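Take a look at the letters that make up each chain.
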Amino acid sequence: MAKIIVVTSGKGGVGKTTSSAAIGTGLALSGHKTVIVDFDIGLRNLDLIMGCERRVVYDFVNVINGEANLKQTLIKDKRVDNLFILPASQTRDKDALTKEGVEKVLHELAKDFEFILCDSPAGIEAGAMMALYFADEAVVVTNPEVSSVRDSDRILGMLSSKSRRAERGEDAIKEHLLLTRYNPERVAKGEMLSVEDVQEILAIPLIGVIPESQAVLNASNSGQPVTLDQDSDAGQAYLDTVSRLLGNTVDFRFLTVEKKGLLKRIFGG
Amino acid sequence: MSEPFFELKGSLFPLTVIHSSDLTLAGLQTALEKKLGQAPGFFHQAAMVIQLAPEQQNIDFASIKQLFTALKLVLVGVTNASPEQKQQAQAAGLAVLRLGQDAKPTSSASTAAEKQNDNAAASVQQVPMHTKVVEQNIRSGQQIYAKGADLIVRGAVGAGAEVIADGHIHIYGTLRGKAIAGAAGDTGKRIFCHNLQAELVSIAGHYWLSDSLQGDFWNKAACIRMQDDSIVIGEL
Ligand SMILES: Nc1ncnc2c1ncn2[C@@H]1O[C@H](COP(=O)(O)OP(=O)(O)OP(=O)(O)O)[C@@H](O)[C@H]1O
Ligand SMILES: [Mg+2]
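From first to last, the protein sequence lines stand for chains A and B.
By the working numbering, the letter at position 154 of the first sequence is numbered 154, and the numbering carries on one by one without gaps.
By the working numbering, the letter at position 91 of the second sequence is numbered 1091, and the numbering carries on one by one without gaps.
Chain B on its own, in the form it takes in the complex (with noise of 0.2 Å):
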């Protein structure tokens, strides 16, 4: 019999964070499905953050969490909390969180909370990024992740399945799946493919369907990028 083994270690995970101006429990639920019914299958079971604001005060944390469960959600924690709300989240049981740099709030944050950021924006920055490479065709229903990584896809991506990124997406062949570059929140990343039919395009959690990408480079090669928080497709 080998040692049992036990090690705790620092990690970075992709989170989605959700930034809602409004968190009563009505609000929350109706933007939800929104999202939901706009990506079915997209968030099963994601791990999620919320972004508070100062001014959001309180919130019912334990019928939030809730509301994600019954949503086939999981809230892990919010982040940017002030001290009372970082009370009242940590009493329902939730993790409170620092912000990377790249995904800086976008609403009104305390500058407190901006000097908080910086020490968390540094060890994202320092996650070494390599390459990883796939020679062939990623087909329906496979799923390719690049941990702390740029992917290339030598092949097409096929509908139906997905590859992700924490760092660049190239695609030599047809994008016709899913593609999520950033993964671990860099705004900076982007998505290369040589032909653009995408069920979907995410950046650092912002995200386009398919529909949204109908237009003048549907079907040709394409740049997907983040600019001034929204997605915009150009040239390759």
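Just chain A, same shape as in the assembly (with noise of 0.2 Å):
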């Protein structure tokens, strides 16, 4: 059985493409069938991140309107196995995902794939509601604000009451937070919120905590998911979120200040 599992926020600019992205790959790298679907109608970036803008000939609308099937328009990942896109339309609205439409490819992909990742749109409209509703988890995406964790609390609400599983009155969507762009330092002086802080309003359980890191903004900017680069700190913490979304105990890394001590400054840390 495919599981879908959304990521989400409510609120924009969070990291959740970015977040797509590398679980999507820490799973195809661990060897699980994976697809990341582009929600986000109209400002496809996905594909700019994933590195394959170049490849996009077919997208979702053209899937959903039956100009073309998913053969042709899945692309597949050159670096990883298992690893497969469905690119946004930039040239369409949100409004041409229809419920229907959206469960008939889901149904489809659900055939091939062991996951299936929906990269929602930022906001509670349309487009967002339709990424999360057919979903069986969710990765909901926050950054140590308090606006952020507002609109992150919004949408656990939304996955609550206005997903399939809610509507039908089934099992609830399994919910998990991912802390985006934490900053130990800043938490330090009192800047940001902490994990504890976030982990107590939201009252969902922890799956990762990804830090500030240059290794992102590189990441994005070359289209290569941060997952590839596994030296990196963000790398390796995307890697410790996917294992732990395959059922493991991994500990925590990355959340406090670190102090650059004499061994590390000598064999490199």
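Hints are all accurate, no fakes.
Within a straight-line C-alpha distance of at most 20 Å, the following computed DMTMM-like cross-link-like pairs (lysine to aspartate or glutamate) qualify:
| # | chain 1 | residue 1 | chain 2 | residue 2 |
| --- | --- | --- | --- | --- |
| 1 | B | 1147 | B | 1135 |
| 2 | A | 71 | A | 81 |
| 3 | B | 1220 | A | 196 |
| 4 | A | 99 | A | 136 |
| 5 | A | 162 | B | 1135 |
| 6 | A | 162 | A | 137 |
| 7 | B | 1220 | A | 197 |
| 8 | A | 162 | B | 1162 |
| 9 | B | 1220 | B | 1235 |
| 10 | A | 3 | A | 100 |
| 11 | A | 104 | A | 114 |
| 12 | A | 162 | A | 100 |
| 13 | B | 1072 | B | 1033 |
| 14 | A | 174 | B | 1135 |
| 15 | A | 189 | A | 258 |
| 16 | B | 1132 | B | 1162 |
| 17 | A | 99 | A | 67 |
| 18 | B | 1220 | A | 200 |
Sample of chain A residues at the chain B side, in silico, Cβ under 10 Å:
| # | residue |
| --- | --- |
| 19 | 161 |
| 20 | 172 |
| 21 | 203 |
Worth flagging that the hints you see were computed from the coordinates, not collected in a lab.
All values reported here derive from a predicted model rather than from experimental measurement.
Just so you know, even glycine gets a beta-carbon here, dropped at the ideal spot from N, CA and C.
Starting from two chains that each stand alone, build the complex the way the hints lay out.
Right under this line is the structure:
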């Protein structure tokens, strides 16, 4: 059975697309056949972050409208086996997605993939609702600041009331908190909320903490999901996250201000 | 095709009652704008009733109604009206309502009005109080209303969420949003919470905003109730 996971946040620019790309890549690296679906119709940028923007021929909306089939539309990643991208349309607007259409495509994908990762647009309007409607699990991407936490709370409310599982009275969507752009120095100075603060407010299990990192910026500029940069802090934090998503227990890293000790300076760290 | 359905039924609804010594247009406008400014959004399109005093004469109900509409409020009617006031209010298309016992006029209400109230008060008391239990956290943007009932929330009430009950409200998690107890006008209802960080608490239409709540009980377990016409906070 394929698992449908929505990557969502409410607030814009918190790292949904970065996380979709990184987690999707990590799942595929672990040997699970994965497709990342870009629900951000009209503002597509998953293909940029995945570095496959020049290979987009057809898109999600074309498949829904029957203008192309999935085989023609899915883009296979050149670096990682088992990894595919379903790009969004740049030219249509968000109304191009219908519930019936999305259901048909997800149903089709479910026959072939283990994980279907849905990169949600920001907001709580139709596009975001469509991305979460069919989900089995949700990765709620949150930055350690008040407005982002508030929007995540809002999205959690939507997950438990507006999803198909909620409407049908089935088991609730499994919720995961992913804290991104975490900066322990600023947390120590009281300029940002701590992991504990955010967890206290949102009260859902923590799946990962991704540090604020130059590696993420380098990765998106070069069209490489940061998970492929396995020496970087963010890359490692995403790999830990993927491992937890697969059911493993992994200690959390990058939560405290790093003191560069003498040994670290000599041997690198 | 099923038979068309039509039925008339009496029901009780929470209404916000306004007491004001100044019912001139300018006076009302200043007072309302000040209140609305304190709690933006809270009263959006709220149904309201003006409580009259016998000495208030020649009130321009039609203009007052327009003022409410302009401020995005809905003026439904008046209460405690003298026969003359009643006629004028009705001419302006307003309902003339009788007040329940629990929202006794604070100022000089006539004894005749008091007597009238007893009937209405009886109907408030007759509403059987049930309990509505919510097991999860109530998230930002969600609203829960326990109509004619107490409300128990086993989780937290998030910032931007709203819980409303005609009865008492018990919150076993942190209250970060708004809690409105005694929404049908019963000042005897209370709010209990395990951690008070609320945006607003209200009992029977009286409310306190977050600023007024900062004090001994902020971030602590608390019980909020009415005493002598004002809200008081005490230990749980
Ligand atoms: N851990 C991180 N460290 C540093 N920068 C980051 C991190 N995560 C994301 N960013 C940066 O934040 C910006 C927004 O990221 P991203 O596009 O993934 O967010 P989004 O939630 O998908 O945005 P939108 O709501 O517009 O879809 C990008 O410039 C990205 O490089
Ligand atoms: Mg995005």
